[in-house]
Amino acid sequence: MSGRVLFLITTLVTAAAVHLFVLLNIPTFVMVRAIDLLKGEDNAFNQWLPSAPITPENQPVVRASPDLAYTVCLLDLSGGPVKVTAATWPGYGSLSIFDHDTRNVHASSLRGDGSLSGVIVATQDQQTLPNTDLPVVRLSDETGIALIRRLAPDADSRAQSDALNPLGGCSPLT
Amino acid sequence: MGAGLLPGPISRAKPVQIDGWESDWTIGSEASGPYLRAWVARFGLLALRKSEAVYFIADTDSDGKPLSDGCTYRVSGGELPGFWWSVTLYDADGYLPSNQGGHLSFDSTDVTDGKSWSFDVATTKPSDPEQSWISNENAGTFDLTLRIYEPHDDFLGAPTERLTPPMVQRLTCRGNA
Numbered sequence: 001m002s003g004r005v006l007f008l009i010t011t012l013v014t015a016a017a018v019h020l021f022v023l024l025n026i027p028t029f030v031m032v033r034a035i036d037l038l039k040g041e042d043n044a045f046n047q048w049l050p051s052a053p054i055t056p057e058n059q060p061v062v063r064a065s066p067d068l069a070y071t072v073c074l075l076d077l078s079g080g081p082v083k084v085t086a087a088t089w090p091g092y093g094s095l096s097i098f099d100h101d102t103r104n105v106h107a108s109s110l111r112g113d114g115s116l117s118g119v120i121v122a123t124q125d126q127q128t129l130p131n132t133d134l135p136v137v138r139l140s141d142e143t144g145i146a147l148i149r150r151l152a153p154d155a156d157s158r159a160q161s162d163a164l165n166p167l168g169g170c171s172p173l174t
Numbered sequence: 001m002g003a004g005l006l007p008g009p010i011s012r013a014k015p016v017q018i019d020g021w022e023s024d025w026t027i028g029s030e031a032s033g034p035y036l037r038a039w040v041a042r043f044g045l046l047a048l049r050k051s052e053a054v055y056f057i058a059d060t061d062s063d064g065k066p067l068s069d070g071c072t073y074r075v076s077g078g079e080l081p082g083f084w085w086s087v088t089l090y091d092a093d094g095y096l097p098s099n100q101g102g103h104l105s106f107d108s109t110d111v112t113d114g115k116s117w118s119f120d121v122a123t124t125k126p127s128d129p130e131q132s133w134i135s136n137e138n139a140g141t142f143d144l145t146l147r148i149y150e151p152h153d154d155f156l157g158a159p160t161e162r163l164t165p166p167m168v169q170r171l172t173c174r175g176n177a
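Order-wise, the sequence lines are chains U and A.
Its first residue numbered 1, the first sequence is counted upward by one per residue in UniProt numbering.
Its first residue numbered 1, the second sequence is counted upward by one per residue in UniProt numbering.
Calculated from the structure, these hints are not laboratory results.
Worth double-checking, as some hints may not be accurate.
Beta-carbon label-pair distances, calculated as ranges [to be verified]:
#1 Ser76/A with Arg4/U: 57 to 63 Å
#2 Thr174/U with Glu130/A: 55 to 61 Å
#3 Gln17/A with Leu20/U: 23 to 29 Å
Footprint (simulated), chain U over chain A, 3 or more residues, beta carbon under 8 Å [stated by the list, open to error]:
#4 40 to 46
#5 84 to 92
#6 99 to 106
Just so you know, even glycine gets a beta-carbon here, dropped at the ideal spot from N, CA and C.
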C-alpha cells in the first residue's frame with residue numbers, strides 16, 4: 001500500500017470519527033448550554049422558573065412559541081429523586097420531562113380544572129421512592145429539564161398561568 | 001454550531017411529507033436517529049413527542065420557491081386534527097425575526113368565523129383591516145412551523161390521509177425577490 005493511499009484512508013477514517021463524535025454530542029452540548037443559560041447566577045435547580053413572554057428580544061431557546069407561557073425547572077437528581085407537580089389549566093397545557101440528551105422522556109396533558117398533576121423523576125439506580133400514585137420517570141443522568149407549557153397568547157392569560165405556578169412544586173423528595 | 005452537519009430542514013430517515021410540509025414522527029422519542037436528534041437540538045430544542053405534539057415545517061411556497069421577506073404570502077386552511085394548533089414564522093436560524101408589533105404567530109384561537117381561515121405574511125399590516133397577518137419583516141429566508149398539540153390518534157396513524165395542511169400562496173414580491 002503506497003503512502004498516499006494510507007494517508008487517504010487515515011484521513012477518511014479520522015474525518016468519519018470526528019463527524020460521528022460531533023454528531024452524537026451535539027444534543028448534550030446544546031442541552032448543557034441551555035441549562036447554563038437558564039440557571040442564571042442563582043444556580044437555580046429544582047425550582048420552577050417562569051419565563052418572560054417569548055418575543056424577538058427574549059428567546060431563551062431556539063424555536064420557542066410566542067403563544068405559550070413556559071415555566072421551566074432544571075432538574076438536579078444528585079441529591080435524590082425530584083417530585084415535579086404542576087397545576088392544570090383550562091386551555092392547552094402540558095408537563096414534559098427531557099433528559100440531558102434532549103429526549104422527551106415524559107409528556108402529559110395539563111388540561112383540567114386547576115388540580116395538581118405530576119411525576120417523580122429519578123435516575124435509573126435511585127431505588128428509594130415513596131409510596132405514591134405519581135408515575136416515576138427515569139433519567140439516564142442526574143440532570144434534565146421539566147417544562148410546563150400553557151396556552152397563553154396574551155398578557156392576561158399569561159398572568160393567570162404565572163399565578164398557578166406556586167401551586168405546583170419541583171423539589172427533592174425528603 | 002453543528003448546522004453544517006445537518007441536511008435540512010428536518011434531517012430524518014422516514015419523514016412525513018404532505019404538500020410541502022415536513023415532519024418526523026420520531027421527534028423526541030427513543031426512535032429518533034442521531035441526525036434528527038442533532039437537528040432538534042440545534043433547531044427545535046425541547047420538542048415534544050408525537051403523542052403530545054407534532055411539528056411540520058414549510059420553507060417553500062406552494063410553487064416550491066423559498067419563503068422570503070421580499071414577498072407577501074397568504075396562508076389558508078381549514079380544520080386541523082388536534083386540540084390546538086399554531087403557525088409561527090422563524091428565520092433561517094430558528095428564531096423569531098426582529099420585528100415590531102407582536103404579529104408573530106397565528107393560532108386556532110384566532111379562527112373567528114367557522115372552520116376555514118387565512119392570514120397574510122407581510123412586512124406591513126394588510127390594507128384590509130379584517131385580514132389577520134403575521135410579520136416577515138427582517139426575516140430573510142424563513143420557514144413556517146405548524147404545531148398541532150394533542151393530535152388525534154387517527155391522524156397520527158395515517159397522517160397523509162388525515163391532514164390537509166395549510167396552503168402557502170405567494171401574492172407579490174419586491175424587486176428580485
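Right, here's what the structure says about each hint:
no. : hint                               : verdict
1   : Ser76/A with Arg4/U: 57 to 63 Å    : 60 Å, holds
2   : Thr174/U with Glu130/A: 55 to 61 Å : 57 Å, holds
3   : Gln17/A with Leu20/U: 23 to 29 Å   : 27 Å, holds
4   : 40 to 46                           : holds (count 7)
5   : 84 to 92                           : holds (count 4)
6   : 99 to 106                          : holds (count 4)
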